[in-house]
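Visitor: So the chains spell out like this:
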Amino acid sequence: MKIINWIKLQIWRWRANREYNKKIKELKKRDPFTYKNF
Amino acid sequence: MIKLGISAFYHDSAACIVVNNNVIAAAEEERFTGIKHDSSFPKNAIQWVLNESGYTINDINEVNWYENPETKDDRVKTIFNKRPIKTFFLRQRYFKNRKNNSPKNLLQDLGYTGKINYNNHHHSHASFSYYTSPFKDSAILTIDGVGEWETITISKAKGNTIEKLYSIDFPNSLGMLYSTITSFLGFKPNEGEYKVMGLAPYGNPITYHEKLNLIFNHSKQDLYLYQRYFAWEYSERIMFTKRLCQLLELQPRLPEEPITQDHKDLAATLQKLYEQEFKKLLKKAKELTGSSNICIGGGAAYNGVANVLAYKLFKNVHIPFAPSDAGSAIGACLTSHSDVSPYLGPRYNNKFIRRTIENVPGIQFFKLNNIHIVEKAAEFIAAGKIVAWFQDRMEFGARALGNRSILALPRNAKMREKLNYVVKKREGFRPFAPSVVLEEAERYFDIKEPVPFMNIVVKCKVKYLPAATHIDGTSRVQTVTREQNEPYYLLLKEVGRLTGVPVVLNTSFNLKDQTITMTPIQAMKRFMNSDIDVMVMNNFLILKK
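Chains as they are written, first to last, in my numbering: chain C, 1 to 38; chain U, 1 to 545.
Incorrect hints may have been included.
Calculated cross-link-like contacts (lysine-lysine; reagent style DSS-like; alpha-carbon spacing at most 27 Å) [what the hints assert, rightly or not]:
hint: 1; chain 1: U; residue 1: Lys-448; chain 2: U; residue 2: Lys-312
hint: 2; chain 1: C; residue 1: Lys-25; chain 2: U; residue 2: Lys-283
hint: 3; chain 1: U; residue 1: Lys-315; chain 2: U; residue 2: Lys-164
hint: 4; chain 1: U; residue 1: Lys-195; chain 2: U; residue 2: Lys-414
hint: 5; chain 1: U; residue 1: Lys-264; chain 2: U; residue 2: Lys-242
hint: 6; chain 1: C; residue 1: Lys-23; chain 2: U; residue 2: Lys-220
hint: 7; chain 1: C; residue 1: Lys-36; chain 2: U; residue 2: Lys-164
hint: 8; chain 1: C; residue 1: Lys-28; chain 2: U; residue 2: Lys-211
hint: 9; chain 1: U; residue 1: Lys-284; chain 2: U; residue 2: Lys-315
hint: 10; chain 1: U; residue 1: Lys-164; chain 2: U; residue 2: Lys-264
hint: 11; chain 1: U; residue 1: Lys-512; chain 2: C; residue 2: Lys-28
hint: 12; chain 1: C; residue 1: Lys-36; chain 2: U; residue 2: Lys-264
hint: 13; chain 1: U; residue 1: Lys-286; chain 2: U; residue 2: Lys-242
hint: 14; chain 1: U; residue 1: Lys-461; chain 2: U; residue 2: Lys-418
hint: 15; chain 1: U; residue 1: Lys-264; chain 2: C; residue 2: Lys-25
hint: 16; chain 1: C; residue 1: Lys-29; chain 2: U; residue 2: Lys-461
hint: 17; chain 1: U; residue 1: Lys-312; chain 2: C; residue 2: Lys-29
hint: 18; chain 1: U; residue 1: Lys-211; chain 2: U; residue 2: Lys-242
hint: 19; chain 1: U; residue 1: Lys-385; chain 2: U; residue 2: Lys-279
hint: 20; chain 1: U; residue 1: Lys-211; chain 2: U; residue 2: Lys-283
hint: 21; chain 1: C; residue 1: Lys-23; chain 2: U; residue 2: Lys-242
hint: 22; chain 1: C; residue 1: Lys-36; chain 2: U; residue 2: Lys-414
hint: 23; chain 1: U; residue 1: Lys-312; chain 2: U; residue 2: Lys-279
hint: 24; chain 1: C; residue 1: Lys-36; chain 2: U; residue 2: Lys-104
hint: 25; chain 1: U; residue 1: Lys-385; chain 2: C; residue 2: Lys-36
hint: 26; chain 1: U; residue 1: Lys-36; chain 2: C; residue 2: Lys-28
hint: 27; chain 1: U; residue 1: Lys-544; chain 2: C; residue 2: Lys-29
hint: 28; chain 1: C; residue 1: Lys-22; chain 2: U; residue 2: Lys-96
hint: 29; chain 1: U; residue 1: Lys-36; chain 2: U; residue 2: Lys-136
Which chain U residues stay away from chain C? Per the calculated CB distances, all over 10 Å, these [as the list claims (entries may be wrong)]:
hint: 30; residue: Asn-21
hint: 31; residue: Tyr-94
hint: 32; residue: Pro-189
hint: 33; residue: Gly-198
hint: 34; residue: Tyr-202
hint: 35; residue: Gln-221
hint: 36; residue: Glu-236
hint: 37; residue: Ile-238
hint: 38; residue: Glu-249
hint: 39; residue: Leu-254
hint: 40; residue: Ser-292
Source of the hints: derived by calculation from the structure; they are not laboratory data. From the three backbone atoms N, C-alpha and C, an ideal C-beta is built for every residue, glycine too.
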């Protein structure tokens, strides 16, 4: 049972990370989305 | 002594002319270019302040630049050196821009070859806050994204001297943290912070508190942010890393996506954490200076919800009308106290306005005397109309303080939705600020002292101002006196006579994503392209046919 839960958690994390990466990639494409500090 | 003050290349570029410590004229570059928070060299603003004051560039004795570019270079180099490969192209771009943006060369192009004084960024903030205050001694707290190295300073001021006692350096920055979460929530940094502040009362500050609190290292005595959550040091495209998403277990919001309860909760948590850190800094300022007065400066001083906390430790609080980088152009020039009004921008006479409006189709206009124009405008406001109010000199700073404003009756609950969705076409959760005559302010708002520049958020004591009261029962109030702005004061009095409440809802005269109106031509276009019912420009009452 523990192993199954662990696998489920890993899948959930992998999916979440994939979404985070997508969003970050999308945001980077937009107008500079930062506070200018350089 | 004639000084030209300049701020440029971060955001809110501005220029001013200061003669013998008196500010003659000041304007932000964005008003001329129409680019919000324009950070380019303010050549239009410089040209205008020179014309307005009647000087030429050759008359200028010295230029006061609001920061020290060499110290800033030092910071940027040091930060880039931490990640030489990752920042390789960024470094090339930065130093190419620096070469093109050398203050000396840019001023030479304008024909100026005289002395340039480079001031410390946070000293310019501190100077603007303190020298425009009524205090002879004070603590000064400045907070912004970053200056050269500093992000927070505490100084002690006495007479004409300001002594820095404490500072926190980049990359530990409360301003940058606020901007990061602003961008995480899908709002543009350096612009959307107001939206986050407005969103916060809709959320629960507990939901993300434990998680967001983990970005601070509380074992350190001073503010310390774990940089693994932030990309400030090596990216100019994004402010946060995937680790922040993982920490919050929340997807960053794209601007076009709907705002969910999670976003509201995160905004509330951020505001709460900001207030916690702000309180610590206030306590430190009190301990270090022992003063009963405090001046607050830097872009973070626009956080009116946090600012009110200063009254817990200090008897008197002063926050100037343009605490962000724009005001630093003035701060860099001041060396002692100066009675500076926020109405420092362009003005247009009745003749100019008549020429602008006389050939515009679809309108009718009437020229009225000073008393009748106030009476008529008040009648329209009392009747529930939306009135654009354009008078005398444009304000300097982010707030419309009654010379370039859209006004309406705050007693009508639907007015907020109408203004947000129909006129300004912006998010419905955003609150509007009320203006009230000072002598009656305490009847409606829980104020400790006059708030002429809308930089303190206070509790509204009455239930019948729904359009100017936020969901948590607070208002970002502006108190108005006759000395400060006579026509606006008289208008408020007249509205009070007609409705029994001398309060109007005051929002800046601009439409979505526009800068505040500067010229009568702009005003006319915006009036015709919006659902504003009536416009008053100086002595002209303008109606749509």
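Visitor: C:Lys-29 and U:Lys-461: Cα distance at most 27 Å?
Guide: Judged against 27 Å, a Cα distance of about 46 Å means the pair is violated.
Visitor: Within a Cα-Cα threshold of 27 Å, do U:Lys-448 and U:Lys-312 meet the stated pairing?
Guide: holds, 11 Å
Visitor: Straight-line Cα separation of C:Lys-36 and U:Lys-164 no greater than 27 Å?
Guide: Roughly 25 Å separates the two Cα atoms, so the pair holds.
Visitor: Just to be careful, I want the Cα atoms of U:Lys-264 and U:Lys-242 compared with a cutoff of 27 Å; is the pair within it?
Guide: holds, 20 Å
Visitor: Mind checking the alpha carbons of U:Lys-264 and C:Lys-25 for me, to see if they're no more than 27 Å apart?
Guide: Answer holds: U:Lys-264 to C:Lys-25 is near 23 Å, not above 27 Å.
Visitor: Tell me if the straight-line CA distance from U:Lys-544 to C:Lys-29 falls inside 27 Å.
Guide: The hint is violated at about 42 Å.
Visitor: Can we confirm that no CB of chain C comes within 10 Å of the CB of U:Glu-249?
Guide: Answer for U:Glu-249: violated, closest chain C Cβ roughly 7 Å.
Visitor: Given the hint that U:Lys-286 pairs with U:Lys-242, does the C-alpha gap stay at or below 27 Å?
Guide: Outside the cut-off at roughly 38 Å; violated.
Visitor: Given the hinted pair C:Lys-23 and U:Lys-242, is their Cα-Cα distance within 27 Å?
Guide: holds, 10 Å
Visitor: Checking one constraint from the list: CA of C:Lys-36 to CA of U:Lys-264, max 27 Å. Satisfied?
Guide: holds, 25 Å
Visitor: Between the alpha carbons of U:Lys-461 and U:Lys-418, is the straight-line distance 27 Å or under?
Guide: With Cα atoms ~24 Å apart, U:Lys-461 and U:Lys-418 stay inside 27 Å; holds.
Visitor: Next pair to validate is U:Lys-211 with U:Lys-242; report whether the Cα-Cα distance is within 27 Å.
Guide: holds, 14 Å
Hints 2, 6, 10, 13, 16, 17, 19, 22, 25, 27, 28, 29, 31, 32, 36, 37, 38 and 39, counting from the list given before, are not met by this structure.
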